[in-house]
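Single-letter residue listing:
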Amino acid sequence: MLLTIRSLSKSFPGTRALDAVDFDLAAGEVHALLGENGAGKSTLIKCLTGAYSRDAGEIRLDGAPVSPASTSEAQELGIGTVYQEVNLLPNLTVAQNLTFGREPRRFGLIDGRAQADMAREMLRGYGLDIDVTRDLGSYSVAVQQVVAIARAVALSGKVLILDEPTASLDAAEVRMLFDVVRDLRDRGLGIVFVSHFLDQVFELCDRLTVLRNGQKITTERVADLDRVKLIGHMLGRELDDAIETAEHSPAAAQEAPEILRFEGIGRAGVVAPFDLSVRRGEVIGLAGLLGSGRTESAELLFGVRTAQTGTARDADGPVAHATPREAVRAGFGFAPEDRKTDGIVADLSVRENIILAMQARRGWTRPIPRAEQARLADEYIAKLDIRTSDAEKPIGELSGGNQQKVVLARWLAMNPRFLILDEPTRGIDVGAHAEILRLIRDMTDAGMSMLVISSEFDELVAAADRIVVLRDRRHTRELTGAEVATDEIVRAIAAADPREAAAS
Amino acid sequence: MTVNPRLYPLLATIGIFVVAYIVCWLQFPYMLSTRVAGNLLTDNAYLGIVAVGMTLVILSGGIDLSVGSVIAFSGVFIAVMLRDTGLHPLLVFALLLAVTTAFGAAMGAVIHGLAMPAFIVTLAGMFLARGASYMLTIESVPIAHPFYDLLKDAYWLMPGKGRLTLIGVLMLVAVAAGALIAHRTRFGAQVFAIGGGEQTARLMGVRVGATTVGIYAFSGFMAGLSGIVFSIYTGSGYPLATVGTELTAIAAVVIGGTLLTGGAGYVVGTLFGVLTMGLIQTYIVFDGTLSSWWTKIVIGVLLLLFILLQRGLLRVTALRA
Amino acid sequence: MTRTLRRILPQILTLAVLVALVSLFFPQFLSVDYQGGRLSGPVIDVLKRGAPVALLAVGMTLVIATRGIDLSVGTIMAITGATAAWALASGWGAAAAVLLALMAGLACGVWNGCLVALIGIQPIVATLILMTSGRGIAQLITEGRILTFTDPGFAWLGSGILLGLPVPVYIWVGTAIAVALLMRRTALGLLVESIGINRSASALAGINATVLLIAVYVASGLCAALAGIIATADIRGADANNAGLWLELDAILAVVIGGNSLLGGRFSVAASVLGAMIIQTIDTGILLAGFPSEYNLVIKAGLVLMVLLVQSPNLAGHWYALRRHVRRRREPAPSDRSAP
Chain A
1 MLLTIRSLSK SFPGTRALDA VDFDLAAGEV HALLGENGAG KSTLIKCLTG
51 AYSRDAGEIR LDGAPVSPAS TSEAQELGIG TVYQEVNLLP NLTVAQNLTF
101 GREPRRFGLI DGRAQADMAR EMLRGYGLDI DVTRDLGSYS VAVQQVVAIA
151 RAVALSGKVL ILDEPTASLD AAEVRMLFDV VRDLRDRGLG IVFVSHFLDQ
201 VFELCDRLTV LRNGQKITTE RVADLDRVKL IGHMLGRELD DAIETAEHSP
251 AAAQEAPEIL RFEGIGRAGV VAPFDLSVRR GEVIGLAGLL GSGRTESAEL
301 LFGVRTAQTG TARDADGPVA HATPREAVRA GFGFAPEDRK TDGIVADLSV
351 RENIILAMQA RRGWTRPIPR AEQARLADEY IAKLDIRTSD AEKPIGELSG
401 GNQQKVVLAR WLAMNPRFLI LDEPTRGIDV GAHAEILRLI RDMTDAGMSM
451 LVISSEFDEL VAAADRIVVL RDRRHTRELT GAEVATDEIV RAIAAADPRE
501 AAAS
Chain B
1 MTVNPRLYPL LATIGIFVVA YIVCWLQFPY MLSTRVAGNL LTDNAYLGIV
51 AVGMTLVILS GGIDLSVGSV IAFSGVFIAV MLRDTGLHPL LVFALLLAVT
101 TAFGAAMGAV IHGLAMPAFI VTLAGMFLAR GASYMLTIES VPIAHPFYDL
151 LKDAYWLMPG KGRLTLIGVL MLVAVAAGAL IAHRTRFGAQ VFAIGGGEQT
201 ARLMGVRVGA TTVGIYAFSG FMAGLSGIVF SIYTGSGYPL ATVGTELTAI
251 AAVVIGGTLL TGGAGYVVGT LFGVLTMGLI QTYIVFDGTL SSWWTKIVIG
301 VLLLLFILLQ RGLLRVTALR A
Chain C
1 MTRTLRRILP QILTLAVLVA LVSLFFPQFL SVDYQGGRLS GPVIDVLKRG
51 APVALLAVGM TLVIATRGID LSVGTIMAIT GATAAWALAS GWGAAAAVLL
101 ALMAGLACGV WNGCLVALIG IQPIVATLIL MTSGRGIAQL ITEGRILTFT
151 DPGFAWLGSG ILLGLPVPVY IWVGTAIAVA LLMRRTALGL LVESIGINRS
201 ASALAGINAT VLLIAVYVAS GLCAALAGII ATADIRGADA NNAGLWLELD
251 AILAVVIGGN SLLGGRFSVA ASVLGAMIIQ TIDTGILLAG FPSEYNLVIK
301 AGLVLMVLLV QSPNLAGHWY ALRRHVRRRR EPAPSDRSAP
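Chains as they are written, first to last, in UniProt numbering: chain A, 1 to 504; chain B, 1 to 321; chain C, 1 to 340.
Since the hints were made in silico from the structure, they are not lab data. Just so you know, not all the hints are guaranteed correct.
Heads up, incomplete: computed chain C residues facing chain A, CB under 7 Å, no partners named [what the hints assert, rightly or not]:
#, residue
1, Gly206
2, Ile207
3, Ala209
Every residue gets a Cβ at the ideal spot worked out from N, C-alpha and C, and that includes glycine.
Given these sequences and hints, build the entire structure.
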């Protein structure tokens with residue numbers, strides 16, 4: 001074995017990110033590392049590349065124990081990494097990027113011609129015919145990926161970790177990248193491949209390891225595994241397990257009047273055009289693996305990204321939703337996935353965060369009276385059980401779950417007709433979980449319609465009247481009535497898309 | 001043979017300079033003489049030298065507001081030292097360069113160590129350097145030293161009676177040295193890397209702290225050198241001199257095609273930026289009827305033009321990526 | 001009220017210490033005479049001379065709250081002063097001159113705001129353009145001369161006395177109170193702070209960040225116009241070369257001394273004008289205490305460094321790291337997102 005990891009553990013306060021994980025990588029194989037969010041993939045990779053120091057366990061490279069303390073140390077040992085976001089400098093030339101830190105010099109000065117030659121030599125065998133004296137940024141992401149790989153291989157040359165390298169590539173580019181990876185495998189490198197695209201895993205990889213909740217679930221040969229079983233491993237349930245579906249009332253929601261209708265909403269390279277009809281008081285679930293276009297769909301609906309195609313209309317006619325402001329005016333709300341960057345305004349108090357959207361809609365000339373603000377804040381702090389010493393505490397000092405509740409409160413205070421919740425229970429303890437689900441039910445009973453995105457399918461099944469399944473940035477199926485069940489979701493995600501099968 | 005897109009901003013700068021010179025020449029044929037060219041170099045020597053240091057700072061994504069004050073400090077320091085001590089000017093120069101380089105290095109250390117914006121740290125540096133020169137003297141101190149007369153009168157008579165002065169040559173040497181450092185050394189590559197993205201640069205193995213200190217030390221050195229040249233040019237030290245030169249230098253760098261957000265540009269472009277600004281002034285002098293304030297307005301327009309051009313180029317590359 | 005008081009307490013204490021220090025060297029510092037219907041004394045002088053920087057600091061506070069910076073305010077003073085003087089010289093009368101100057105300040109603010117909010121140029125660069133070229137425009141208006149005028153009504157704005165106090169004092173105190181009330185009695189203050197802290201989250205909450213950004217630069221332009229009017233009225237002439245020269249740096253300093261973070265967010269107009277008074281007290285105090293004015297800049301530099309140290313995110317980071325080390329806590333859990 002080229003790389004062996006034995007009982008690697010890593011803890012953070014409150015979580016055990018890696019729990020005695022074993023992992024083997026042979027020279028000349030492509031080994032997929034799979035798992036949903038929080039499974040421990042990125043922690044494992046960061047332990048390997050020296051970004052984290054492990055708590056316990058052993059890493060052996062070529063039989064010798066190693067413990068890299070930094071990325072550059074890992075590189076020198078022979079472990080190179082290429083990330084989805086190319087970690088090279090777009091403002092330098094291809095040659096400068098490739099030779100950075102090892103530039104050939106003459107009389108102490110960098111020899112530009114030798115540098116270009118060296119770069120061309122490094123790129124040989126990758127099938128790239130590019131001008132190495134041009135800015136890296138002037139080439140496509142795919143070419144930049146290959147350049148990054150070439151640099152990583154030249155610097156390290158034993159283990160290559162590809163962390164979601166295909167996330168922003170199109171089909172032809174993926175094929176080019178795969179040719180490069182196969183070639184490197186044949187040259188004897190050990191390659192760790194992290195991806196959310198299962199098709200790509202089946203196409204490229206020899207073996208795969210599934211992590212879940214910080215534990216290794218299984219390592220198997222890709223050829224011995226089918227898609228449904230794999231997803232079962234990733235999600236932690238066998239399909240045969242009948243899951244008790246929560247009581248919901250599909251009939252009632254189905255008869256409710258339609259309040260919004262989206263047709264053909266889409267944006268090239270983001271989400272393929274889709275239709276969505278929203279009924280009064282219903283919960284629509286959006287299910288799919290990470291990177292399937294769930295969040296992007298929500299962003300198109302709320303105007304965070306402007307849809308290139310499609311229309312939205314309600315009973316009164318067309319509805320404008322090209323910007324968040326328009327969407328808010330149309331009675332939409334959106335609690336985004338990344339609370340820290342898109343949700344909370346950290347230095348403002350809980351009270352101010354709660355009234356922010358309402359104030360924005362009222363306009364600056366009509367401030368919400370202080371007493372009214374306090375009343376709203378207290379009301380929602382009580383209603384959502386937000387744990388804070390008082391309403392004037394900066395929201396940044398609250399725990400993640402409580403921050404999420406404040407963001408929810410911000411929108412609930414607006415009483416929107418259509419509320420989008422992206423991963424509303426992410427990073428929230430079990431108690432708060434149930435509360436948020438109960439809240440969703442209360443709100444919809446009061447007539448609000450919701451779109452809920454979640455990677456916890458049980459939760460979706462419990463909350464949603466209907467579930468839309470996404471795969472590879474496309475809305476592929478809609479589950480209604482009795483189909484709203486976890487195994488149906490898994491089956492729908494696993495089903496190979498006929499169109500894509502024909503294309504590849 | 002297609003032109004590397006890297007060169008577009010530089011070519012635009014040189015193009016504007018050439019076109020401007022042709023326009024000047026069509027109106028005043030005498031402008032195309034070695035006399036005018038020689039004066040252009042001499043009059044802008046101190047600005048060109050300090051702009052070379054500023055180019056490196058801006059390439060790294062920073063800014064150095066202290067240079068104008070450092071030039072004034074240098075002049076005062078030299079004048080006072082020569083007046084009050086018997087040291088040879090060359091020794092004073094060496095002392096001065098050590099002081100200004102250390103001053104720049106200290107600012108770099110504060111910027112990196114405290115993770116504060118370069119803008120505000122060098123603003124404090126600006127006050128400090130100006131204050132230090134006030135404390136040395138508040139009056140203009142003339143420099144009377146035979147060695148200084150020698151330096152002032154050192155020139156090479158070009159054909160056409162134009163004078164290529166020592167300080168003009170010194171500026172060209174500074175530009176060449178700056179270009180070599182920026183484009184042909186590993187230090188220079190690290191400067192570009194930091195300008196392109198500090199986080200990525202660190203991942204690629206750049207020692208950001210040491211490089212930041214180096215960048216501001218270089219700018220401090222160039223400001224000191226520029227101060228020496230300015231003292232030769234004016235023959236005195238005056239604490240109120242070169243107020244606002246930092247902004248003129250920044251403008252010259254931007255007109256020279258360097259991206260103000262850092263990471264892209266050429267030191268040679270800065271030379272043309274300085275010369276373009278000098279040319280505008282020369283033209284106004286030649287014209288005689290135009291007022292001097294047009295210089296500022298035209299420079300402002302050029303500044304806007306280049307910033308818009310840069311944003312346009314950025315958008316084009318973003319679309320292609 | 002107590003909250004506001006607690007916020008500006010450090011600035012008040014600094015000012016008190018400074019006044020005590022100056023009084024030590026110049027015991028008559030706090031003495032105020034009343035004769036001929038006017039108060040006079042060093043304190044009154046500080047209040048009057050501090051007017052331009054205090055006015056600039058009011059506008060600058062708002063700009064900095066949005067994570068921006070406005071380098072052009074000194075130049076806008078020159079432009080608006082020149083405009084007013086030109087209007088007076090053309091016989092338009094004081095009211096028209098004031099109006100025209102305010103319009104010029106507004107136009108400058110709109111220009112800056114559009115460059116920042118619509119074209120997306122970083123504030124420091126965007127305002128640098130007007131800073132460099134604006135003086136040329138001011139000189140264009142005055143045609144390079146110092147435009148003098150005799151209109152007593154306009155001059156009253158700079159050197160007049162009202163109820164014993166110089167008129168500029170009323171103007172800057174009035175502006176500061178008006179802006180502070182406008183910010184706190186409407187929702188503007190909250191919205192400005194919100195876009196300064198997290199523009200993306202604010203936009204998602206439906207705040208119109210673009211319009212707000214333009215508005216703060218307009219406010220800064222208008223404050224600079226007022227400062228320009230006072231400076232021009234005081235010397236009964238517009239000097240395009242020197243009016244407001246380098247005052248933008250004093251204004252930024254005042255805002256920073258006022259404890260407002262350059263990284264945007266929470267702001268206090270009151271603390272900023274106190275910062276302006278601190279700077280003016282240093283300026284006047286050094287002179288009165290008999291120190292050579294050369295020390296002025298070095299003291300200012302020291303002040304900046306001190307404020308920097310207090311504000312430095314790294315210093316806070318070191319402090320937390322130290323505490324954490326003491327408590328032997330583990331490193332924080334990473335965010336769960338594997339895709340950045």
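Here is how each hint holds up against the structure:
| no. | hint | in the structure |
| --- | --- | --- |
| 1 | Gly206 | holds, 4 Å |
| 2 | Ile207 | holds, 4 Å |
| 3 | Ala209 | violated, 10 Å |
In this structure, the one hint that does not hold is number 3.
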